[in-house]
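*Asks:* Sequence:
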Amino acid sequence: MISPRLLSLVRCPECHGTLRESPGALTCGSCGRTYGSASGDFLDLRPHVAFEERTKYLDEALHADARHERVSPPLLGSKIRNDMLRAFLAPTPSDVVADLGCGSGRALLWNRDWGSATVGIDIAPFFARDARQQVDLVIGDLRRLPFADAAFTKAYSLDVLEHLSPDALRGMLREAARVIAPGGSLFVYTHVRKNARIAMGLRWVNALARQLDRAHLIDLRQEHLRKADHLNPLADIPELRRVAGETGFRITRIRYYTPIVGGFVENILVRMAERQLARRAARRLASKMDGASADRQAIKEARSAAKAQIAASAATRAAFRALTVAMKLDLLLFGSIESGPFFALLEKKTEVRADRGDGRDGGDGEEHEGNGSNKRSNEGNEGQRRFSSVSLRFLRCFVFEIRSLRVLRSLRVLRVLRGCARR
Numbered sequence: 001m002i003s004p005r006l007l008s009l010v011r012c013p014e015c016h017g018t019l020r021e022s023p024g025a026l027t028c029g030s031c032g033r034t035y036g037s038a039s040g041d042f043l044d045l046r047p048h049v050a051f052e053e054r055t056k057y058l059d060e061a062l063h064a065d066a067r068h069e070r071v072s073p074p075l076l077g078s079k080i081r082n083d084m085l086r087a088f089l090a091p092t093p094s095d096v097v098a099d100l101g102c103g104s105g106r107a108l109l110w111n112r113d114w115g116s117a118t119v120g121i122d123i124a125p126f127f128a129r130d131a132r133q134q135v136d137l138v139i140g141d142l143r144r145l146p147f148a149d150a151a152f153t154k155a156y157s158l159d160v161l162e163h164l165s166p167d168a169l170r171g172m173l174r175e176a177a178r179v180i181a182p183g184g185s186l187f188v189y190t191h192v193r194k195n196a197r198i199a200m201g202l203r204w205v206n207a208l209a210r211q212l213d214r215a216h217l218i219d220l221r222q223e224h225l226r227k228a229d230h231l232n233p234l235a236d237i238p239e240l241r242r243v244a245g246e247t248g249f250r251i252t253r254i255r256y257y258t259p260i261v262g263g264f265v266e267n268i269l270v271r272m273a274e275r276q277l278a279r280r281a282a283r284r285l286a287s288k289m290d291g292a293s294a295d296r297q298a299i300k301e302a303r304s305a306a307k308a309q310i311a312a313s314a315a316t317r318a319a320f321r322a323l324t325v326a327m328k329l330d331l332l333l334f335g336s337i338e339s340g341p342f343f344a345l346l347e348k349k350t351e352v353r354a355d356r357g358d359g360r361d362g363g364d365g366e367e368h369e370g371n372g373s374n375k376r377s378n379e380g381n382e383g384q385r386r387f388s389s390v391s392l393r394f395l396r397c398f399v400f401e402i403r404s405l406r407v408l409r410s411l412r413v414l415r416v417l418r419g420c421a422r423r
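Here the sequence shown stands for residues 1 to 423, where the numbers follow the working numbering.
Just so you know, these hints were derived from the structure itself, not from any lab.
From a predicted model like this one, the values you see are computed outputs, not experimental measurements.
Using N, Cα and C, we set each Cβ at its ideal position, and we do this for glycine too.
One or more of the hints may lead you astray.
Below are the SDA-like pairs computed for lysine to any residue, each with C-alpha atoms no more than 20 Å apart in a straight line [stated by the list, open to error]:
no., residue 1, residue 2
1, 307, 260
2, 227, 242
3, 227, 266
4, 307, 333
5, 79, 271
6, 79, 268
7, 194, 148
8, 194, 166
9, 227, 124
10, 227, 279
11, 328, 196
12, 328, 69
13, 227, 191
14, 307, 279
15, 227, 307
16, 79, 270
17, 79, 90
18, 227, 252
19, 328, 268
20, 79, 333
21, 328, 279
22, 79, 124
23, 307, 87
24, 79, 328
Distance windows between CB atoms, simulated [stated by the list, open to error]:
no., residue 1, residue 2, range
25, 115, 215, 28 to 34 Å
26, 36, 73, 31 to 37 Å
27, 32, 246, 31 to 37 Å
28, 73, 30, 41 to 47 Å
29, 166, 72, 33 to 39 Å
30, 17, 207, 40 to 46 Å
31, 166, 228, 31 to 37 Å
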């Protein structure tokens, strides 16, 4: 949607001039450039001068499964990411929050109970129908954000930074620092290239997934398309700190996430169920379409059928919630190990916290919920206390969810998944 609040926040992406409303368009009062509303549901504020670096997420093929069209409640990995977003960022009704790289807009929909004013921006116009109607949306480039300076108190970016080159990453973070007010926060979920030994478990899961893909028991084509867009600009956590410091941020909190249990659930179990649904849809469509068209439509129908099954069946939802609880073991058991994927909270530095120029300012005051080897020696005890406290909170949450769901006794999770596949 396009609300009056959104119109008060946006600026020309080229010169940051104020935009004036005119029939069917917005015109910059400084440079005279004109921008329009693509559909009446969102603003198109892409720069007139496009960057040479172009994401593959603009390609229709990446969205053939139509996963963006309908938003389901957060489950499995998306539930874990959303829970960490809520815990780290903790917005209040007085906050103005930006989703930088919002995709379909699903996180904006999931978190409407914040009561905050929210805006989503993405380079690709594949927004969910509900998001178009219920949240403010903008098409734009993260390297040239079409917002006023200090327009937001908080922002977040999920599964985005790995799609940027090193230069684009710095450009995006500088722009984020510009539009976030001093003392504001940016929550990110992404990964670095360096992994710990514990990641071997995830590599085994991925190797199994590849074998199942070759045997046509699961379908990884969409996953391969998405990962083909990964540029992985960050080598390790020290580089993350340097880049954060150079672009106006400091890391205040970090936790690592090596999804071994989660990888098995999402890359093996769920994909096997989706494959069965797609095969049934393909057989039904074979007499109506040619092979390639039937295959594409089958993938789309399988995704829609899975979401419909989750929405309609309490038993299916309970099974997925149980699997989500099991996946939280990855955070509880491995969240202290510095490896690959991570959740981090970056605070915009104020004038008092200016760069020291040594590349270490990103670590000042950092609360490590991860690897203690990166703490200064005089912070060791404090870090252990913090990690123990966080682990205890996750353990309590884990036990509470098991007791409240009562699914580990009453449901056979795999049987439910197989039943879903047969329907």
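*Asks:* Against this structure, judge whether each hint is valid.
*Replies:* Here's how the hints hold up against the structure:
no.: 1; hint: 307 to 260; in the structure: violated, 24 Å
no.: 2; hint: 227 to 242; in the structure: violated, 25 Å
no.: 3; hint: 227 to 266; in the structure: holds, 15 Å
no.: 4; hint: 307 to 333; in the structure: violated, 30 Å
no.: 5; hint: 79 to 271; in the structure: holds, 17 Å
no.: 6; hint: 79 to 268; in the structure: holds, 18 Å
no.: 7; hint: 194 to 148; in the structure: violated, 36 Å
no.: 8; hint: 194 to 166; in the structure: holds, 16 Å
no.: 9; hint: 227 to 124; in the structure: holds, 16 Å
no.: 10; hint: 227 to 279; in the structure: violated, 24 Å
no.: 11; hint: 328 to 196; in the structure: holds, 19 Å
no.: 12; hint: 328 to 69; in the structure: violated, 27 Å
no.: 13; hint: 227 to 191; in the structure: holds, 13 Å
no.: 14; hint: 307 to 279; in the structure: holds, 17 Å
no.: 15; hint: 227 to 307; in the structure: violated, 23 Å
no.: 16; hint: 79 to 270; in the structure: holds, 15 Å
no.: 17; hint: 79 to 90; in the structure: holds, 16 Å
no.: 18; hint: 227 to 252; in the structure: violated, 29 Å
no.: 19; hint: 328 to 268; in the structure: holds, 17 Å
no.: 20; hint: 79 to 333; in the structure: holds, 18 Å
no.: 21; hint: 328 to 279; in the structure: violated, 31 Å
no.: 22; hint: 79 to 124; in the structure: violated, 23 Å
no.: 23; hint: 307 to 87; in the structure: violated, 26 Å
no.: 24; hint: 79 to 328; in the structure: holds, 10 Å
no.: 25; hint: 115 to 215: 28 to 34 Å; in the structure: violated, 49 Å
no.: 26; hint: 36 to 73: 31 to 37 Å; in the structure: holds, 34 Å
no.: 27; hint: 32 to 246: 31 to 37 Å; in the structure: holds, 34 Å
no.: 28; hint: 73 to 30: 41 to 47 Å; in the structure: holds, 44 Å
no.: 29; hint: 166 to 72: 33 to 39 Å; in the structure: holds, 35 Å
no.: 30; hint: 17 to 207: 40 to 46 Å; in the structure: violated, 53 Å
no.: 31; hint: 166 to 228: 31 to 37 Å; in the structure: violated, 18 Å
The structure shown violates the earlier hints numbered 1, 2, 4, 7, 10, 12, 15, 18, 21, 22, 23, 25, 30 and 31.
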